[in-house]
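Listed in order, the protein sequences are those of chains W and U.
Under the working numbering, the letters of the first sequence match residues 4 to 688, in that order.
Under the working numbering, the letters of the second sequence match residues 955 to 1543, in that order.
Because the hints were derived from the structure by calculation, they are not lab data.
This one's a predicted model, so the numbers in the text were calculated from it and none came from an experiment.
Heads up, the beta-carbon is just placed ideally off N, CA and C, and yes, glycines get one too.
Check the hints yourself; a few may be wrong.
[Stated by the list, open to error] Residues from chain W that face chain U, not an exhaustive set, calculated with beta carbons under 8 Å:
no. : residue
1   : LEU53
2   : GLY58
3   : LEU62
4   : SER67
5   : LEU93
6   : PHE644
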Amino acid sequence: MSIKYTIDGVEVIAEPSDTILTSATRAGIEIPTLCFDKRTAIYGACGVCLVEVEGVPKLLRACSARPQEGYVVHLHSERVDRARKTALELLLSDHTGDCRGPCKLNCPAMTDCQKYVGEIREGRYKDAVSTVYEAFPLPASIGRVCPHPCEDACRRKMVEEPISIAFLKAFAADKIEADGDPYVVQCEPDTGKRVAIIGGGPAGLTAAYFLRRYGHAVTIFDQQPKMGGMLRYGIPEYRLPKAVLDREIQIIADAGVEMVNGVKLGRDIQFDALRAEYDAVLLAMGAWRSMNMRVPGEDLAGVHGGIDFLERLGLGERPTLGERVAVCGGGNTAMDCCRTAVRLGAKEVYVVYRRTRAEMPAADIEIEEAEEEGVTFKFLTNPIEFYGEDGHVTGMKLQVMELGEPDASGRRRPVPVEGATEDIPVDDVLMAIGQGADCAGAVAEELLTQRGTIACDEMTFRTAFDNVFAAGDVTNRGAGIAIQAIAEAQKAALCINNFLEGDEVRAQVPYFVTQEKTPEDFEDEPKQKREKMPGLTPEERRDNFEPIYFGFTEEQAQREASRCLECGCHDYYDCRLIKFANRFNVEPERFAGEMHDREDVPVVSEVIVHDPDKCVLCGLCYRTCDQVVGKTFLGLYNRGFSTVVNPMVPEEARTFCASCLKCVEACPTGAMRSFPAVERVTQLV
Amino acid sequence: MRLIVGEGSCGLAAGAGAVHTRLQELLAEANPTGVELGITGCNGMCFLEPIVDLYDDEGALHRLVKVQAKDADKIYQAATTGDLSLVDGLRISAEDAEFLDKQTRIALRDCGIIDPESIEDYLAHGGYQAITKILTTGMSQEDVIHEIDVAGLRGRGGAGFPTAFKWRAARDAKPDETGQKYLICNADEGDPGAFMDRAVIEGDPHSLIEGMLIGAYSIGASEGIVYVRAEYPLAIIRLRKAIEDATARGYLGDNILGSDFSCTLRIKAGAGAFVCGEETALIESLEGKRGMPRLKPPFPAQAGYWLKPSNINNVETYANVAWIIVNGGAAYAAMGTENSKGTKVFALSGKIRRGGLVEVPMGTTLREVIFDIGGGIRDNKEFKAVQLGGPSGGCVPASKLDTIIDYAELSATGAIMGSGGMVVMDESTCMVGMARFFLDFTAKESCGKCVHCRLGTKRMLEILSRVVDGKGEEGDIEKLEELCYAIKDGALCGLGQTAPNPVLTTIRYFRDEFEAHIAEHRCPAGECRELITYYIDQDKCVGCTACARQCPVQAISGERKSPHKIDPTLCIKCGNCKTACRFGAVQVR
């Protein structure tokens, strides 16, 4: 006789042999569980399937409780959610591993580096590019210019050097293009919603790409003659050939994004009109104003804003410079300026920087290459005056500095050495000490910060107006690297999409399990040097704007990709623990305490290993071995906090495991692993 | 004259074996007539062990206490000469004798009286009359269960489930084609501070056998298993002998007393896991598996040992059964309260003057047990709290001492009846440290199966440890409470679900002690090592140097006959000096 009862108001029919869980599953209602599998006997370890039944004082385990006629079951009461959350938090308080690799976690756009590096290793270049496109468009361009925070975090550097993650990305994108099989954006059906994006730089293009994928009609308005923003007008040709950028912008245009150039907000189009005409507006105009140094003589002819100077090059001009050029600043823009000055024929190029090389924000490789090209670095000096003749700069006075106490950024603060100054003769000065946005007059006053940037919420990217969002260098966060602008645009696009669909706008911050590693952890790892990128010699490159890198050969790329340590958990996409952790917004740090860090990873068989630190002791592996396979190869050892799953026989006797991998398939986390990794057949409920 | 040496584990630990040996030697040498030497189990007066009961020729009892081997000659002489004044110095005091006088003994009725290794002695004291009555007067299964129902007997192992209900469920459960049902005795007494089950098996094993026979008859089981913890070797030896004797006498085996009823009993020694006292974990262990609880339902009555209908009760429950059948359920129910009938055995321990086993009628107050029977607190200190029910129970403070022994009344305090552990604490006991002690026990004894117990108790233990180390953080009390309720809700079995009780009750009654540890880094009881400083009261110190000689790290300095000082930077807070000082000069702050 069947039993009728309700779960969250939905009527469910159960047979006498049913539990709440099995009858709910048949009714299409998901009850989360980590330890239940219908092929094995009910176990009840995880405590994640707890439900509340009206009139029953205790919470019940849905995996074992039999429903009774008229039961009113709640899956989502406050008590249930709290109990599940606590169970998950307790599990995660002793769960050691890396859900995702440090490369991905350190990428502002959360690009799945480990995945595409692996795909490149396997020769699946199209898949690799698609993986990048899940995070952002323009892989060939960004792969060339990104200062790659991913590589900073790469653990391979604890062995010798990080994986060449950025160049690999460019390689894959170039490769499929050369193979005549370019990436094509797949879009959702048209929604009929229209979004205007102001600014066609990395942020604007990224947002346009994602919003188009969501099915919205997108128009980008940009003040320059061509799209690309700072990628085109801020980065010199030798670093990013504009043909590459053009090709990648075309992919976005081909997806149906309308691109309108030569239009400036506040001049050619009006903010209020846009707001009225479009369902949503994204402000992504960037930060195009060179910061002034606020020292005497700054207005002399020959003292240029670094960004203005690069912009002129991007527009096709070839500005003439004097023989002696000083660049002020230590960032990537300063490097672009000094190396461009070399290429324009300056005889002596100085970089004036008030700290030392160690504190320079520019990428190391940029500094090295600038040195190779003959740039002179004047560290611990700070301009205090420009002076000149006939209104044109002829020299600058430098204050000699020394490093003092660390400042808020953690870098040691430069302090003047009293009375120590130096004069250098210069014909031109390029100021590259920072960029600011200049939105005054373009948008409504209430959107602006005091610094002239757009004020927007850090989680929703929303401005003071409901349907106006902002991302990239133009926001209150200020100017950063391209991938930061891209990351903001990616999230802002999601928020705009949520807004257009009527959902909650806020972007979610996902939870990941992470761990710290030290070089000692990799002592046994065989060394394999990072592949050297082939390119022009300093002599070959210093008088022209030819691209300085040729790109990896296919063999090189695969060799390089094979160096990856694969830090991120292999079972991330199948892991029910992390899935539930994010669903229930866990905060395991509340229960922070002793965590296992077991050196010995038990070898189960020739192809199976067990990582006890990832194990949630759901028992599915040993129960599957016993009850499904009919063997008793695995079992539990010890008690309490020390409980661990292990083979039940000594290593030399481990012959009766046939490596059927059923235990690996049953594991809800990445604790049971096989070599090589198998496709998981998740057979639950 | 008869000389009966109390030889339970407690008596033997105190030296009863040597007394016995010496008496035996003396008797063997002279071989006097009219003097018998025998043994008995524990009579509950553990604080007076070893005990020798001297029965004179009129049968009057002269109880000699704290007897040492050297006293054996005196006792021998008294017994052989009849001059009992020789042992006057060993006689129990009138005050201590009250310990037994104020009790009502049913489960322990023959403990400390009869020879546990003699079935004749058991029979002489009315043994096996109950099963004889059942089998010879044609009492049906329901007749027996009805009597237990009338008695109102509830499980004495801790949960207090009505015994008759369980028996009926097991009787009504349909067995499979083999027709097999099992009756199991839980003798895996694991609560720290509880030892009544051991006393019953060691002191009166046939009463357990008879109780189990009656249970087996009632549910239709033909096999009984006693799961005894292996840490009770004497109990196992005596029970094994009792089973052999009962089998030889026809009380066990086929067609018992000529009836259709057949039943065998066997012993399974447990391997020492606290969780195996949980009935489903015990069954798993019986089946040879790792001792981990099963989910209920199905209950053992439906699918227990080897998935056959099974009934489990603990030792003390079975020990009451024969008495009920002989005397009638109504006589049993005449004792106690509305919802808690009969008597309950408690194991009094801790800072109590008279520690041991106490059996009192339900409805007696805690104050009567602790002060009237137990004699109050040792060393003239103040009573602070009593822990009931061991690691699964809770503490009851002085303000609740008039609470009566009753399942519901005790639960209302946050403690539980439990299996009867009663650990008494005085003013020098830190309640946070006490909670930590029990949590340490449950965390270590967790089988590791469910998340809440395995990790929840671990995290609670970590918080409690940092609190007693003076490293508690604001919000720790609330975090503990949150974990307590989460574990109660989420843990799989009784062990986990009750593990938070000691913490919840100490927070409930002694929150100020937690706060003092956290906010002021102070242990009000002066017990938490990290939070106390030993110092010498300069006015009280006479300069005897006793403390300095006991100090393992030479932290105490001072001239002979002038006050000493403790260097707090060297002191490791072992407390040796405080113990050594005869003038109360070493103090703690």
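These are the hints, each one checked on the structure:
For LEU53 (chain W), the suggested interface contact is upheld, since its CB lies about 6 Å from the closest CB of chain U, less than 8 Å. The interface hint given for GLY58 (chain W) is broken, as the beta carbon of that residue sits about 16 Å from the closest beta carbon of chain U, more than 8 Å. Restraint check, LEU62 (chain W) versus chain U: the minimum CB separation of about 5 Å is within 8 Å; hint holds. Of the supplied interface hints, the one on SER67 (chain W) holds, with its beta-carbon coming within about 4 Å of a beta-carbon of chain U, less than 8 Å.
Evaluation of the LEU93 (chain W) hint against chain U yields a held restraint, the C-beta minimum of about 4 Å falling below 8 Å. Against a cut-off of 8 Å between C-beta atoms, the interface hint on PHE644 (chain W) holds, since the closest Cβ of chain U lies about 5 Å away.
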